[in-house]
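> Those sequence lines, one after another, are chains A and B.
Read in order, the letters of the first sequence are residues 1 to 482 in the UniProt record's numbering.
Read in order, the letters of the second sequence are residues 1 to 482 in the UniProt record's numbering.
Be aware that a few hints might be false.
[Said to hold, decoys possible] Below, simulated DSSO-like cross-link-like pairs (lysine-lysine); rule was C-alpha separation at most 27 Å, straight line: (1) B:Lys-73 <-> A:Lys-300; (2) A:Lys-294 <-> A:Lys-76; (3) B:Lys-73 <-> A:Lys-191; (4) B:Lys-300 <-> A:Lys-76; (5) B:Lys-191 <-> A:Lys-300; (6) A:Lys-294 <-> B:Lys-191; (7) A:Lys-76 <-> B:Lys-414; (8) B:Lys-414 <-> A:Lys-294; (9) B:Lys-330 <-> A:Lys-73; (10) B:Lys-73 <-> A:Lys-330; (11) B:Lys-414 <-> A:Lys-414; (12) B:Lys-191 <-> A:Lys-191; (13) B:Lys-294 <-> A:Lys-330.
Hints listed in this document are in silico derivations from the structure and should not be mistaken for laboratory results.
Since this is a predicted model, take the numbers as computed values, not measurements.
2 protein chains.
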Amino acid sequence: MLLTTHIIPLLSNKQIQGNIFSSEQKTLLQNTSIKQRLAMDSAVGTNEKVCFNSWCPLLIFDSMQKLEELALKIRKIGKDDPRRVFHSLKVGLALTLVSIFYYVNPLFHGLGTSTMWAVLTVVVVMEYTVGGTLSKGLNRAFATLLAGALGLGANHLAALGGDKGEPILLGVFVFMLAAMATFSRFVPEMKARYDYGVTIFILTFSLVAVSSYREEELIKLAYRRLSTVAIGVTTCLCTSMFVFPVWAGEDLHMLVAANLDKLACFLEGMGVECFGEKMESGSLEGKSFLQSYKTVLNSKATEDSLANFARWEPGHGHFGFRHPWNLYLKIGAVTRHCACSIEALNTYISTLEQSHQTTTDLEFKQMVQAACAEMIKETSKALAELASSIRGMKWSSTAGKHLAMATEAANRVKALVPAKNSTLLDVLISATTASLVTELVRCINPIITAVEELSRLVEFKRPEHSRKAGAESPPHVVIAID
Amino acid sequence: MLLTTHIIPLLSNKQIQGNIFSSEQKTLLQNTSIKQRLAMDSAVGTNEKVCFNSWCPLLIFDSMQKLEELALKIRKIGKDDPRRVFHSLKVGLALTLVSIFYYVNPLFHGLGTSTMWAVLTVVVVMEYTVGGTLSKGLNRAFATLLAGALGLGANHLAALGGDKGEPILLGVFVFMLAAMATFSRFVPEMKARYDYGVTIFILTFSLVAVSSYREEELIKLAYRRLSTVAIGVTTCLCTSMFVFPVWAGEDLHMLVAANLDKLACFLEGMGVECFGEKMESGSLEGKSFLQSYKTVLNSKATEDSLANFARWEPGHGHFGFRHPWNLYLKIGAVTRHCACSIEALNTYISTLEQSHQTTTDLEFKQMVQAACAEMIKETSKALAELASSIRGMKWSSTAGKHLAMATEAANRVKALVPAKNSTLLDVLISATTASLVTELVRCINPIITAVEELSRLVEFKRPEHSRKAGAESPPHVVIAID
Chain A
1 MLLTTHIIPL LSNKQIQGNI FSSEQKTLLQ NTSIKQRLAM DSAVGTNEKV CFNSWCPLLI
61 FDSMQKLEEL ALKIRKIGKD DPRRVFHSLK VGLALTLVSI FYYVNPLFHG LGTSTMWAVL
121 TVVVVMEYTV GGTLSKGLNR AFATLLAGAL GLGANHLAAL GGDKGEPILL GVFVFMLAAM
181 ATFSRFVPEM KARYDYGVTI FILTFSLVAV SSYREEELIK LAYRRLSTVA IGVTTCLCTS
241 MFVFPVWAGE DLHMLVAANL DKLACFLEGM GVECFGEKME SGSLEGKSFL QSYKTVLNSK
301 ATEDSLANFA RWEPGHGHFG FRHPWNLYLK IGAVTRHCAC SIEALNTYIS TLEQSHQTTT
361 DLEFKQMVQA ACAEMIKETS KALAELASSI RGMKWSSTAG KHLAMATEAA NRVKALVPAK
421 NSTLLDVLIS ATTASLVTEL VRCINPIITA VEELSRLVEF KRPEHSRKAG AESPPHVVIA
481 ID
Chain B
1 MLLTTHIIPL LSNKQIQGNI FSSEQKTLLQ NTSIKQRLAM DSAVGTNEKV CFNSWCPLLI
61 FDSMQKLEEL ALKIRKIGKD DPRRVFHSLK VGLALTLVSI FYYVNPLFHG LGTSTMWAVL
121 TVVVVMEYTV GGTLSKGLNR AFATLLAGAL GLGANHLAAL GGDKGEPILL GVFVFMLAAM
181 ATFSRFVPEM KARYDYGVTI FILTFSLVAV SSYREEELIK LAYRRLSTVA IGVTTCLCTS
241 MFVFPVWAGE DLHMLVAANL DKLACFLEGM GVECFGEKME SGSLEGKSFL QSYKTVLNSK
301 ATEDSLANFA RWEPGHGHFG FRHPWNLYLK IGAVTRHCAC SIEALNTYIS TLEQSHQTTT
361 DLEFKQMVQA ACAEMIKETS KALAELASSI RGMKWSSTAG KHLAMATEAA NRVKALVPAK
421 NSTLLDVLIS ATTASLVTEL VRCINPIITA VEELSRLVEF KRPEHSRKAG AESPPHVVIA
481 ID
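Here chain A stands alone, though its shape is the one from the complex:
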């Protein structure tokens, strides 16, 4: 762990700007096989020397290549969001401030070992977003205060039990409180907001209740601990809020807009590729830039955690203190539902492209295709409009207009049918349902394949008859629906 963090930042400067190996050197190294190099070396030295001399640069080259890959990866992480670099520097800054203060200030020497709580607090409390830092810092401060007071009380109460009763009573108190507090973490609301506070509460209570100091000393200790924790939390908050702050609320705001944009971008691409004038039957699977919509499907955890942190943040920029963060979660949920719909459509279209399509050029087909193209185009525009409306915090009714146009196209398709044949509608509804169910059936195949793979690797029990027949691997089922 240390090695990589130590070496990579050094490499990322050297290697990326002026590659350690020139491209010619690399090509040479790659083209020369191990055998060839062994032969080359054996001409000049002993056998033992050969092994060492020829493997050593190979190993170095191999690890250099891996390090280069890692450096590129790390550089990409920093480039994707430069605030990550700033955050790392901020943590360094806050820690250095507290450490130097601790090291230099004679006041700290007087306070003794409890001063390390300040350093500890900075390391543990400093989070990427302001909301995260605030949430952890306040949780830590209040939990310490509350648990300290209760610990003092428990200590006082246990002292009434006499010399024999005291440790027993203290044990009972610690056991009960720890068990209750731990159980409270299973309540989802507690878990989301006060999880860290509960940990610190148990910690401080145990430390204060069990410490064998006299009461006056305990109060002094509690005072010291509180003041050092306060120093740590204040340092974190100042660094977090006033030096390039990263607001969880703003991130959530941008994430929700970006997710809408991803869907819009995919639909735009699909409209051009599958329903456009070119009507290419090239699969969309290959176009990786269009596949980013799939990340929307798994965005719930990120959104939840950002919304949770955002609630702790004070008003900033366009966001007031009581900004309706819950609404972002609501938008996120309906966006995911839409992404699911897109996933179903995408799967259907890509299986259509794989199967043989009839080429009867029907007037009906063309009309439906045109309507679909319009629906998709307008939907994409509506989504993009909503995203930019959120991003700029500027309402526009254009999204509604685009939706109205998409709806008009949808109704046009519906209207096509009864004109042709009154019973065709029944056929269409049945056919659509059947298509969707067929898609569902198709989904089962990869599940079976995956479970099969598991059963083979883990050696699931086999039924008697197949074991008798000597069938080691389960029958591999591949079912194609044409």
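Given the structure of chain A, go ahead and fit chain B onto it with the hints provided.
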């Protein structure tokens, strides 16, 4: 926080088994309005007394009711998974063991304040699953060791800088290491496995590097810290592994099977309700037990974290040390894809049910319906079979057989069409695509509504013309596709 954890477990015994208020008392209290009670009380006392006397029981009753609700909720959490109760007791046990040991053992008194690291370690390291505890414990132990050694080195190096140079050099070291280590947490692989280790690494390095002890004292301190951390980690591991262990791997195994079962259960219900002989058009939305499949869509985060912990666990039961946990993630991914498909089908069917359906009784429609019913039934059986196959770790080829039957039904639908009309296939493909796109368009409406609500609450900027017209709220668009 403390109040609730303190009081609720007491209440949960009293209130749930023998309700504090009898049902008659409750009805009486609910039926008597505040006004009536004010009037009743004013007949016997002064005005001031009235306010106090009448509001006081109301407030108490109100908070009692809230506490009762909370107690019921907490009881449900414990009942849903009794291992949670055991876990809470285990944390209490581990903490009491370490605390009492610390309090009673004279050896500990000799070691001074560094002994509290043992208590601290237990509180921070003890996790719900064995894998979680192991991951945190090993991260903590190794990070402490590594950072301690590096800190000593840094201290030694800085001492060469003389009296003036030492604090500056130390500051630079702490800054660089903290910044680098923090940045490494943005690498996804680091974040997933060694996040806690990096925190402890920064923490220990800062503490050791900055502490103003002489070197011999530092080594003594490092030894003490390591031994106390080891005591804490060992206590946690023993309690976690040998007293009612909760294995993350087993949980992942069961979760993956349960998710397959949820899908199977929904499909079975849907088959009976929508495609069965009754063919009720009652919406599935109301049947909450069927809606549990929706949780499958958001199960990725839980699966990832369980798989991550499972990798740390030693072999147990049916699971070897190198059990292919990645395969569970793969099964999870294809299961979610299937859930998406089900979501699309469910949405389509429930909108169909809401709209007017034509009642032309077509032979074709009935045949498709029957085929769909069979597909859904067989798919549901295949999924249930896969779930029980995973759960029992017993391979059966029945799932493949069910899938084959579902596929046969799907092909039967396809075969129906050309017999009737050769160009109908084109119509059907177009129609299905159009239906799916229409579904997509329908998804946009809730998104627009949600963004609209946000724009109203947060007061997004309005375009000039609408502000002039005095339109305060944005035009609410509701678009129905019939």
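> Each hint needs a verdict: does it hold in this structure or not?
A quick look at each hint next to the structure:
For the given pair, B:Lys-73 sits about 24 Å from A:Lys-300 by alpha-carbon distance, which is consistent with the 27 Å threshold. A hinted pair counts as satisfied when its Cα atoms are at most 27 Å apart, and A:Lys-294 with A:Lys-76 qualifies at roughly 21 Å. For the suggested pair B:Lys-73 and A:Lys-191, the alpha carbons sit about 14 Å apart, so the restraint of at most 27 Å is met. With a C-alpha separation of about 25 Å, the suggested pairing of B:Lys-300 with A:Lys-76 holds against the 27 Å cut-off.
Among the hinted pairs, B:Lys-191 with A:Lys-300 is consistent with the structure: their alpha-carbon atoms are about 19 Å apart, no more than 27 Å. For a cut-off of 27 Å, the pair hint linking A:Lys-294 to B:Lys-191 stands: about 22 Å separates their Cα positions. Distance check on the hinted pair: A:Lys-76 and B:Lys-414 sit about 49 Å apart at the alpha-carbon level, beyond 27 Å; violated. Annotation: proposed proximity of B:Lys-414 to A:Lys-294 is violated, straight-line Cα distance about 30 Å (limit 27 Å).
Only pairs whose Cα atoms come within 27 Å are accepted, and B:Lys-330 paired with A:Lys-73 is accepted, the gap being roughly 24 Å. Under the criterion of a C-alpha separation no larger than 27 Å, the hint pairing B:Lys-73 with A:Lys-330 is consistent with the structure, at around 24 Å. Simply put, B:Lys-414 and A:Lys-414 have alpha-carbon atoms about 23 Å apart, close enough for the 27 Å limit, and the pair holds. Straight-line distance between C-alpha atoms of B:Lys-191 and A:Lys-191 comes to about 20 Å, which keeps the hinted pair within the 27 Å bound.
A threshold of 27 Å between alpha carbons decides the hint, and for B:Lys-294 with A:Lys-330 the separation of about 15 Å falls inside it, so the pair holds.
When held up to the earlier numbered hints, the structure conflicts with 7, 8 and fits the remainder.
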